[in-house]
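Knowing the structure of chain P, use the given hints to seat chain C on it.
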Amino acid sequence: MSHYEAPIRKPLVTGNKTYHDVTVDIARPIEGRANKLWWIVFGIALAAFLWGLGCIIYTVSTGIGVWGLNNTIEWAWDITNFVWWVGIGHAGTLISAVLLLFRQRWRMAVNRSAEAMTIFAVVQAGLFPIIHMGRPWLAYWVLPIPNQFGSLWVNFNSPLLWDVFAISTYLSVSLVFWYTGLLPDFAMIRDRAKLPFQKRIYSILSFGWSGKAKDWQRFEEVSLVLAGLATPLVLSVHTIVSFDFATSVVPGWHSTIFPPYFVAGAIFSGFAMVQTLLIIMRKVSNLEDYITIDHIELMNKVIIVTGGIVGGAYIIEYFIAWYSGSAYEDYTYLSFGAATGPYWWAFWALIFCNMIFPITLWWKSLRRNVMWTFILSIIINIGMWFERFDIIVLCLSKGRTPSTWAMFSPTFVDVGIFIGTIGFFFVLFLLYSRSFPVIAQAEVKSILKLSGDRYKNMRAEHGDDAQIYELPEQEPLEDFERLIEELENKNEEVTDESGNLAQTLILNIGKATQDMADDLKRLSGVNPTLELQLNQLGIYNYNQVINMTEKEYSILNQLISKFPIAKTKFWSGEANILNNN
Amino acid sequence: MADYTLMAIYDDDDHLVKALKETQAEKYHVEEIYTPFPVHGLDKVMGLPHTRLAINAFLYGVTGLFVAVWMMNFMMIEDWPRNIGGKPSFSYIENMPAFVPIMFEMTVFFAAHLMVITFYMRSKIWPFKKAENPDPRTTDDHFLMEVSATKENIQSIAEFLHGTGAKEVKLKQS
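From first to last, the protein sequence lines stand for chains P and C.
When we follow my numbering, the leftmost residue of the first sequence carries the number 1, and every step to the right adds one.
When we follow my numbering, the leftmost residue of the second sequence carries the number 1, and every step to the right adds one.
Some hints here could point you the wrong way.
[What the hints assert, rightly or not] Here are the simulated DSS-like cross-link-like pairs (lysine-lysine), alpha carbons at most 30 Å apart as the crow flies: (1) K569(P) to K214(P); (2) K551(P) to K172(C); (3) K212(P) to K44(C); (4) K130(C) to K214(P); (5) K172(C) to K124(C); (6) K172(C) to K490(P); (7) K521(P) to K194(P); (8) K521(P) to K562(P); (9) K569(P) to K490(P); (10) K212(P) to K18(C); (11) K151(C) to K21(C); (12) K27(C) to K151(C); (13) K167(C) to K194(P); (14) K18(C) to K44(C); (15) K129(C) to K562(P); (16) K10(P) to K18(C); (17) K167(C) to K212(P); (18) K214(P) to K129(C); (19) K562(P) to K551(P); (20) K214(P) to K21(C); (21) K151(C) to K490(P); (22) K27(C) to K212(P); (23) K151(C) to K511(P); (24) K130(C) to K212(P); (25) K551(P) to K490(P); (26) K124(C) to K44(C); (27) K567(P) to K130(C); (28) K214(P) to K124(C); (29) K167(C) to K27(C); (30) K129(C) to K44(C); (31) K36(P) to K283(P).
[What the hints assert, rightly or not] Pulled from the structure, derived: some chain C residues nowhere near chain P, Cβ distances all over 10 Å: (32) E22; (33) V62; (34) T63; (35) F66; (36) G86; (37) I93; (38) E94; (39) S148.
Worth flagging that the hints you see were computed from the coordinates, not collected in a lab.
Values in this document were obtained by computation on a predicted structure and should not be read as measured data.
Each residue gets a CB set at the ideal place from its N, CA and C atoms; glycine is no exception.
Looking at chain P on its own, in the form it has when it is part of the complex (with noise of 0.2 Å):
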C-alpha cells in the first residue's frame, strides 16, 4: 500500500518515530509521576478554586445583592464570564470536527487537549447561568417539565432558554465525541499498564475495547458523523448565545452581525487558550515532536483569519453606530463615546489586544516563535474577556435615559468567582494532563507512514512505491499436533481427579527449576510466604503463570491455604508484561 503525501508538506510527526515510540511517549507522562512544578501550579489552581468555591457559597447564602450590580447594569462579570468561558470552549469541537472534515491531519496531534479543554470550558460557562439564578436549587425550573402550580411551560421563545438546550446539548455532544475517541488509548494504556488498581480502572474506562476489525470501521464511521453534526452544532451554540444580546433592544446588542461575529471571536479566543496550554504541555509531556512548531504556525494562522473577521466586525459596527445617525447608538461599545468616555480603558484594550497585537502574526518568525505565541495567547485571552465586558457593561451603562446611567464596579465576590472558575479549569486540566492520553495517539499512529519524518525520509530515499517495512525476527514455529494433543490430554488429565494435584498443575504449565527463577512476588498478591509455597510446587517463573488458567488457579487454591484467588485475573497479564521487559 502506498502512503504518498507530497514531499512538500512538512512531516507532523517528527523525532524518527516507530508506533512503539509513539505508545511510549504518549503513555509516559500517565505511567510516570508528577514532578514539583505540577503539583506547585496543582495547589495554585487548587487553592483559586476553593476560593472561588467560598464567593460562590457565600453568593448563594446572602443574595446576588453581593455582586456589584445595580438597577442600570444588571449583568455585568458574571455574563462576561459565562460567554468568555463559552467562546474558549469553541475551539476544541472546531478542531476535532470541522477540521476532520477538511481532512486537516494536523488536527490529530491537538484535537484530543482541546476537546477536553473544550468540555472543561463549558463546564465553567455553565456555572455562571446556574449561580445568577441565586437559587441553584431550582435551576432544574429551565427544564420542560410541568410546575407546580399547573402545566405552565418553559418559554420555547426565548433565547435563554434556546441557550439551554445549546449548551447542554454542545456539552454532551462533545464529551461523547472526545471519549468515544479516548476507548482506543485508554485500551493501550490498559494493556501496558503493571499495577492492577492502573489495569482495573482503565479496563473499565475504556469499555473493554479490542480492536477489532469491524469496530474500528464503526469506529470511524461514528466519528465522521460526529464530526458532521457537530460542525453545524459549534456554530449554532455560539450563535444562539449571541442571540441572548441580538434579539433584545439595546442599543448596540440588537445587531445583526452579532452571530457570525460572535462565532469568529468565539474560534479566535479558543484557540488563544488552545495556544496558552499546549505550549506548555508540549514542554512540560516532552510532545514536542507531536506538537510541532509547525502546528503552532497553523494554528496561528487560524488566529489571524478569526482575528481578521473579528476585527472587521468591529470597524463594521463602529462605522454603523456612527452612520446610523441615531443618538442611542453614541454610546454603544464600538462608538466614539465609548472611545473617550469613562470606559475608555476597557475600549482600548478591547482594541489592543484583539486588533493591533495579533497583526504581529502576519510576520512568518513571530508566526513561529513560541514564547511570543504564548504571550499573544494570553492578550488574546484577556481582549476577548473585555470585549465581552465592553458589550454588557459599555452598552447598559447608557441607556436611553440619562438619569440612568451608571457605572459599574465588581466586589471581591464577582472577582472571587471568576478566579475561581480559572483554579477550576486548570484543576481539572492538569488532572487530565496526568490521568488521560493527551494526544489521540491511534489516529497519530494511523497516519504515521503519511506524514511521519522517518516513512518520508525512507521514501524520500527509496522511492515512493518502496515497501517502508521490515519484516520481522520470526520466532520458530512450534508443533502445533502436538499442542493439540497435550491440550486434549490435559482436559483429560484434569477431569481425572487424580490426587497429584501438584504433577498435574506442573504438567499443565510446564517444567521450571531454582535457576530459572523469576521474582514471583512483583505478581498481585504474592507475598514472600507464598513465593515460596509456589516454588515449593515447582512454580518459579513467569512463562508458566502466563500458562495457568482458570484451573490451574482452582488448584492452586486447594493446594496453598489463603490462596488469594481474586487476584489471580491479573496474574497473566501481569507476568506476560514482566516477561517482556
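Relative to the frame of chain P, chain C by itself:
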C-alpha cells in the same frame, strides 16, 4: 470444522494487509483481525460489509426533529398558548421561526447520542466489559490475525502463516 484458531502476529500494517491477501488467496478463513489503529482499506480487503450507523444517525435525527416539533407544539400551542409581546401562539407554523433553534438542537442531540449508543451496543463495548484482544501488544504496535484451523490442517496453515513472515504464530487457547 474450525476447532482451533491460529493467531499470526505482525508488526506492520502493510505487512498485515499483504499477509491477509495471501491468506485469502489460499482460501483460509480469517476470523478476526486486531489492530492498534484503524488500518485504512482493511475492512474492504476483509470483505466486511459497510456499516449502517450513518443511516441510523439520520433516522435518529429525524426522530429528534419530530420530538422537538411535537414537544413545542404541545407546550406552546395546545396546552398553554401565551401571548408574548402581542404575538399570540395559536399556530405552530406561524410561530416556528422562534422554535427553529431548539428543533435543530434536538435533531443533533438525538442523532449523536443514539448513534453512539448504537455503536456501543453493536460493538459490545461498555463499562466493565472485559477486553477481548488476545495479546496486549495489539493496542501498541502489533497486528494480530486469527485464522481458523482444524486438527488435520493446523500444521500446514501454521507453516503457511509462518511463510507470510508472521513474527509469531500461536495457538489460541480458550
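Here is how each hint holds up against the structure:
Pair hint K569(P) plus K214(P) holds up; C-alpha atoms about 27 Å apart against a cutoff of 30 Å. Pair hint K551(P) plus K172(C) holds up; C-alpha atoms about 17 Å apart against a cutoff of 30 Å. About 14 Å separates the Cα atoms of K212(P) and K44(C), which keeps this hinted pair within 30 Å; it holds. Under the criterion of a C-alpha separation no larger than 30 Å, the hint pairing K130(C) with K214(P) is consistent with the structure, at around 17 Å.
This hinted pair checks out: K172(C) and K124(C) have alpha carbons roughly 21 Å apart, not beyond 30 Å. At most 30 Å may separate the alpha-carbon atoms for a hinted pair to count; K172(C) and K490(P) meet this at roughly 15 Å. For the hint pairing K521(P) with K194(P), the CA-to-CA distance comes to about 13 Å; that is within 30 Å, so the pair holds. At roughly 16 Å between alpha-carbon atoms, K521(P) and K562(P) fall within 30 Å of each other, so this suggested pair holds.
The suggested pairing of K569(P) with K490(P) holds, with an alpha-carbon distance near 21 Å, which does not exceed 30 Å. A hinted pair counts as satisfied when its Cα atoms are at most 30 Å apart, and K212(P) with K18(C) qualifies at roughly 18 Å. Distance restraint check for K151(C) and K21(C): the Cα-Cα separation of roughly 24 Å lies within the 30 Å cut-off, and the hinted pair is therefore satisfied. Only pairs whose Cα atoms come within 30 Å are accepted, and K27(C) paired with K151(C) is accepted, the gap being roughly 17 Å.
With a C-alpha separation of about 24 Å, the suggested pair K167(C) and K194(P) falls inside the 30 Å cut-off, and the hint holds. Our distance criterion of 30 Å between C-alpha atoms is met by K18(C) and K44(C), whose separation comes to about 13 Å. Straight-line distance between C-alpha atoms of K129(C) and K562(P) comes to about 28 Å, which keeps the hinted pair within the 30 Å bound. Restraint check for K10(P) and K18(C): satisfied, since their Cα atoms lie roughly 28 Å apart, inside the 30 Å limit.
Simply put, K167(C) and K212(P) have alpha-carbon atoms about 19 Å apart, close enough for the 30 Å limit, and the pair holds. A threshold of 30 Å between alpha carbons decides the hint, and for K214(P) with K129(C) the separation of about 17 Å falls inside it, so the pair holds. A threshold of 30 Å between alpha carbons decides the hint, and for K562(P) with K551(P) the separation of about 17 Å falls inside it, so the pair holds. About 17 Å separates the Cα atoms of K214(P) and K21(C), which keeps this hinted pair within 30 Å; it holds.
Restraint check for K151(C) and K490(P): satisfied, since their Cα atoms lie roughly 16 Å apart, inside the 30 Å limit. The straight-line distance between the Cα atoms of K27(C) and K212(P) is roughly 21 Å, inside the 30 Å bound, and the hint therefore holds. Restraint check for K151(C) and K511(P): satisfied, since their Cα atoms lie roughly 26 Å apart, inside the 30 Å limit. Between K130(C) and K212(P) the CA atoms are separated by roughly 14 Å; this keeps the pair inside 30 Å, and the hint holds.
Distance restraint check for K551(P) and K490(P): the Cα-Cα separation of roughly 10 Å lies within the 30 Å cut-off, and the hinted pair is therefore satisfied. Only pairs whose Cα atoms come within 30 Å are accepted, and K124(C) paired with K44(C) is accepted, the gap being roughly 22 Å. Annotation: proposed proximity of K567(P) to K130(C) holds, straight-line Cα distance about 16 Å (limit 30 Å). Distance check on the hinted pair: K214(P) and K124(C) sit about 11 Å apart at the alpha-carbon level, within 30 Å; holds.
As the CA atoms of K167(C) and K27(C) are separated by approximately 21 Å, the hinted pair is consistent with the 30 Å bound. Distance check on the hinted pair: K129(C) and K44(C) sit about 28 Å apart at the alpha-carbon level, within 30 Å; holds. Between K36(P) and K283(P), the direct Cα distance comes to roughly 15 Å. Compliance with the 30 Å bound is thereby established for this hinted pair. With a cut of 10 Å on Cβ distances, E22(C) stays outside the contact zone with chain P, its closest approach being about 14 Å.
Against chain P, the non-interface label of V62(C) holds: every CB pair exceeds 10 Å, the least being about 13 Å. Chain P leaves T63(C) outside its interface by the beta-carbon criterion, the shortest separation being 14 Å against a cut-off of 10 Å. Every beta carbon of chain P lies more than 10 Å from that of F66(C), the smallest distance being close to 16 Å; the non-interface claim holds. The Cβ of G86(C) sits about 12 Å from the closest Cβ of chain P, beyond the 10 Å cut-off, so the non-interface label holds.
The Cβ of I93(C) lies farther than 10 Å from every Cβ of chain P, with a closest approach of about 14 Å, so its non-interface assignment holds. Distance to chain P confirms E94(C) as a non-interface residue, since its nearest Cβ pair spans about 12 Å, more than 10 Å. The Cβ of S148(C) lies farther than 10 Å from every Cβ of chain P, with a closest approach of about 13 Å, so its non-interface assignment holds.
Hint compliance for this structure: every hint is met.
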